[in-house]
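The lines below spell out each chain.
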Amino acid sequence: MSTKQHNVHTLANDEDADARVASFFSISAIMTVVMIVVWVLAPPPSVGVKEGQLAPDILAEAHYSGSWHDFRLYDYFNHSWEEGEPGQYIFLQFMDTDCPHCWDDALGMSDNYNNWGANGAVAFITVSVGMLNTDHSRAEVVAFQEKSDYEGCNHDNSNCASRGGDAHDWPYVDDLGLSAFRDYNPPGVPFHLLLSPDGTVVWNSAMHTDEFDPLHEPSQALQHHLTGGGA
Amino acid sequence: MSSTMEYGPLTFFLAVMAIGGVIASNQKISQLDEMSPMRRRLLGLFVIEMGGLAASAWTWMIHNQLLQGGSTLCAAEGVVQCGSVIGDPTYSEFFGVPWGIIGILAFSALGWFTLSAFLDMKADWAKPYVDYAWWLSLPGIPMIAWLVIVELFLVDGAPHICPYCTSVHISLIACIYLLHLIRKERDAGNWDIVPKLSKAELLAKARKK
Numbered sequence: 001m002s003t004k005q006h007n008v009h010t011l012a013n014d015e016d017a018d019a020r021v022a023s024f025f026s027i028s029a030i031m032t033v034v035m036i037v038v039w040v041l042a043p044p045p046s047v048g049v050k051e052g053q054l055a056p057d058i059l060a061e062a063h064y065s066g067s068w069h070d071f072r073l074y075d076y077f078n079h080s081w082e083e084g085e086p087g088q089y090i091f092l093q094f095m096d097t098d099c100p101h102c103w104d105d106a107l108g109m110s111d112n113y114n115n116w117g118a119n120g121a122v123a124f125i126t127v128s129v130g131m132l133n134t135d136h137s138r139a140e141v142v143a144f145q146e147k148s149d150y151e152g153c154n155h156d157n158s159n160c161a162s163r164g165g166d167a168h169d170w171p172y173v174d175d176l177g178l179s180a181f182r183d184y185n186p187p188g189v190p191f192h193l194l195l196s197p198d199g200t201v202v203w204n205s206a207m208h209t210d211e212f213d214p215l216h217e218p219s220q221a222l223q224h225h226l227t228g229g230g231a
Numbered sequence: 232m233s234s235t236m237e238y239g240p241l242t243f244f245l246a247v248m249a250i251g252g253v254i255a256s257n258q259k260i261s262q263l264d265e266m267s268p269m270r271r272r273l274l275g276l277f278v279i280e281m282g283g284l285a286a287s288a289w290t291w292m293i294h295n296q297l298l299q300g301g302s303t304l305c306a307a308e309g310v311v312q313c314g315s316v317i318g319d320p321t322y323s324e325f326f327g328v329p330w331g332i333i334g335i336l337a338f339s340a341l342g343w344f345t346l347s348a349f350l351d352m353k354a355d356w357a358k359p360y361v362d363y364a365w366w367l368s369l370p371g372i373p374m375i376a377w378l379v380i381v382e383l384f385l386v387d388g389a390p391h392i393c394p395y396c397t398s399v400h401i402s403l404i405a406c407i408y409l410l411h412l413i414r415k416e417r418d419a420g421n422w423d424i425v426p427k428l429s430k431a432e433l434l435a436k437a438r439k440k
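Protein chains in written order, with this note's numbering: chain W, 1 to 231; chain V, 232 to 440.
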């Protein structure tokens with residue numbers, strides 16, 4: 001009760017309150033006009049991993065052609081691409097060299113690459129994350145990629161040379177620090193995304209978890225989007 | 232890209248800031264004769280802040296366009312351009328927030344302090360509000376220094392000069408200078424002195440009425 005009385009007393013005697021409120025409304029009006037102009041002329045893109053959103057950028061180093069190179073995902077995008085035009089899609093895989101499901105996924109990745117990547121229709125990119133609480137190193141990433149002799153893959157229990165599939169002839173991005181992992185926030189690994197040539201997510205594996213979904217498997221999604229069934 | 236779209240807004244923002252500077256400089260403007268010098272400084276400061284806000288919004292728009300490809304709002308080639316600076320994947324954001332948004336928020340807050348003080352200079356809080364604006368603007372100095380270093384040495388293909396970013400820097404430096412001046416004059420006891428008009432000016436004013 002006494003607090004209420006005090007507040008009423010303060011407001012009633014504060015002759016200056018309206019100048020600050022008037023100022024607030026003036027600034028709010030200016031901000032509203034500015035926001036309308038921004039949204040009309042150049043709205044911020046919807047960045048995220050849901051289908052229809054622009055994929056977040058990835059800045060890191062990637063291993064390919066026998067050495068590590070600077071890597072930027074957006075360098076792969078052709079922003080002027082339009083639906084129906086020819087262009088290179090991007091298949092993004094998040095994996096951990098110590099995750100058993102990723103170990104099994106390596107064979108499927110090889111098959112998909114042979115069908116869609118080797119001919120240049122799709123650029124394959126693997127983001128190797130250090131998600132699990134096991135030993136990780138760049139040497140292990142390279143061994144997993146090249147399928148070379150290294151003890152420590154598959155939860156530190158297998159030799160990397162014994163994984164399924166061929167040596168992977170596409171960039172392996174070093175995300176052992178989990179920078180891209182945090183941006184993409186996958187529900188688990190392996191996690192797959194198919195991006196259209198302009199960087200828009202057209203298929204997100206986490207949105208097709210039902211095994212009866214016709215786009216459940218990466219191979220189905222690739223087939224669907226690259227043969228004109230979707231995109 | 233048309234040069235109207237490229238440099239037209241830049242000219243406009245710089246013109247707004249220049250007008251703010253003229254108002255704050257207390258040069259004779261008949262329409263503002265009745266305002267005290269301090270009130271004019273506050274008005275000029277507010278105009279410059281709004282110029283900075285608009286320029287910041289423009290850099291944010293360029294940033295949005297560059298995320299989706301090229302920009303039609305600023306040049307992308309040459310030494311004086313925005314593409315390599317605002318489009319830089321590493322330096323175009325501050326903890327994930329585009330610099331343009333930081334500029335919009337900062338100039339809005341500065342504008343609120345300034346406009347509040349301008350609207351009621353006799354209020355108890357009006358003088359401290361100038362201090363709040365001053366303290367709020369000071370972190371802008373290291374930020375500007377950092378962004379100039381980025382432009383000159385760190386971005387891809389450096390050096391580059393981003394004209395819209397530079398206009399925001401100019402605006403903030405002008406604000407800091409004016410706030411310094413206002414605080415100094417306030418501390419000297421010149422907060423709200425109504426200007427004394429000469430007889431001739433009083434006569435002219437009476438004739439107008």
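Derived from the structure by calculation, the hints contain no laboratory data. From a predicted model like this one, the values you see are computed outputs, not experimental measurements. Each hint should be verified, as a subset may be incorrect.
[Stated by the list, open to error] To be clear about the criterion: a stretch of chain V counts as covered by chain W if any three or more of its residues have a C-beta under 8 Å from a C-beta of chain W, and this derived list gives those stretches:
#1 269-281
#2 339-348
[To be verified] DMTMM-like mimics (lysine to aspartate or glutamate), calculated; alpha carbons at most 25 Å apart, straight line:
#3 V/K415 / V/E265
#4 V/K259 / V/D423
#5 V/K353 / W/D75
#6 W/K50 / W/D18
#7 W/K147 / W/E83
#8 V/K358 / W/D70
#9 V/K259 / V/E432
#10 W/K50 / V/E432
#11 V/K439 / V/E265
[To be verified] Partial selection, computed: residues in chain V whose CB lies under 10 Å from chain W:
#12 Q258
#13 Q262
#14 M266
#15 H294
#16 F384
#17 G388
Note that the Cβ used here is the ideal one computed from N, Cα and C, for glycine as well.
Going through the hints against the structure:
{"no.": "1", "hint": "269-281", "verdict": "violated (count 1)"}
{"no.": "2", "hint": "339-348", "verdict": "holds (count 5)"}
{"no.": "3", "hint": "V/K415 / V/E265", "verdict": "22 Å, holds"}
{"no.": "4", "hint": "V/K259 / V/D423", "verdict": "18 Å, holds"}
{"no.": "5", "hint": "V/K353 / W/D75", "verdict": "57 Å, violated"}
{"no.": "6", "hint": "W/K50 / W/D18", "verdict": "46 Å, violated"}
{"no.": "7", "hint": "W/K147 / W/E83", "verdict": "37 Å, violated"}
{"no.": "8", "hint": "V/K358 / W/D70", "verdict": "53 Å, violated"}
{"no.": "9", "hint": "V/K259 / V/E432", "verdict": "12 Å, holds"}
{"no.": "10", "hint": "W/K50 / V/E432", "verdict": "69 Å, violated"}
{"no.": "11", "hint": "V/K439 / V/E265", "verdict": "14 Å, holds"}
{"no.": "12", "hint": "Q258", "verdict": "25 Å, violated"}
{"no.": "13", "hint": "Q262", "verdict": "20 Å, violated"}
{"no.": "14", "hint": "M266", "verdict": "16 Å, violated"}
{"no.": "15", "hint": "H294", "verdict": "8 Å, holds"}
{"no.": "16", "hint": "F384", "verdict": "18 Å, violated"}
{"no.": "17", "hint": "G388", "verdict": "14 Å, violated"}
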